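Student: Once you have looked at the hints, place chain B on chain A.
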Amino acid sequence: EAAVTQSPRNKVTVTGGNVTLSCRQTNSHNYMYWYRQDTGHGLRLIHYSYGAGNLQIGDVPDGYKATRTTQEDFFLLLELASPSQTSLYFCASSDARDRGHEQYFGPGTRLTVL
Amino acid sequence: GDSVTQKQGQVTLSEDDFLFINCTYSTTTYPTLLWYVQYLGQGPQLLLKVTTANNKGISRGFEATYDKGTTSFHLQKASVQESDSAVYFCALVAGGYKVVFGSGTRLLVSP
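Protein chains in written order, with the numbering used here: chain A, 2 to 115; chain B, 7 to 117.
It is possible that part of the hints are untrue.
[As the list claims (entries may be wrong)] 30 angstroms max Cα-Cα, derived DSSO-like pairs, lysine-lysine:
| hint | chain 1 | residue 1 | chain 2 | residue 2 |
| --- | --- | --- | --- | --- |
| 1 | A | K66 | B | K104 |
| 2 | B | K62 | B | K83 |
| 3 | B | K62 | B | K74 |
| 4 | B | K13 | B | K62 |
| 5 | B | K104 | A | K12 |
| 6 | A | K12 | A | K66 |
Hint data in this document are derived by calculation from the structure and do not stem from the laboratory. Owing to the predicted nature of the structure, the values given are computational and were not obtained by experimental measurement.
Isolated chain A (complex conformation) (with noise of 0.2 angstroms):
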């Protein structure tokens, strides 16, 4: 069963509205990532965070709040969404005792902004 699960999938959305992407993962980590996947740009760290009610600041947070509700439960919030955050996005969970060096990734989802 998959440890690391993202919904939606895929989201549809106007400029301006307001997006909420949500991660599980159900491998007793500490650590949780927020990721964006654009062509040319690879992966871009956007937050992270450490255990329930923490959050780190990514590289590339502009026009981003997440929030980490649990150890299992970790949001990205987009609340004006522009179409500079189309995107595919992936949210990522890693062991503390690895320091993040195997992070294990979830299905990723499509969002577009019209």
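Tutor: Quick look at chain B alone, frame taken from chain A:
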């Protein structure tokens, strides 16, 4: 800051060809270097990793060697198969729990 460079956007090979994917990195620390593979429609998964302690990683026929002198971490495989078609990401962990990924190299292998 830390960075990883993959200059090859796409590599096209035939089955049994030799694979070589370039990766160079920049960091001020002693990194752990990683290769991730992403198959179509899936999230990336770890293929292999190399630390400064062991210098070489091998997994599923793939091999990568850490060269501190040239700051390179190239990925090689002696004989590719069609099932190896995927996107390959070079990455580094320089400190903390953040992984910095390269832009990826798409490998297409024809039968």
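Student: Could you tell me which of the numbered hints above are not met by this structure, giving the numbers in increasing order?
Tutor: none
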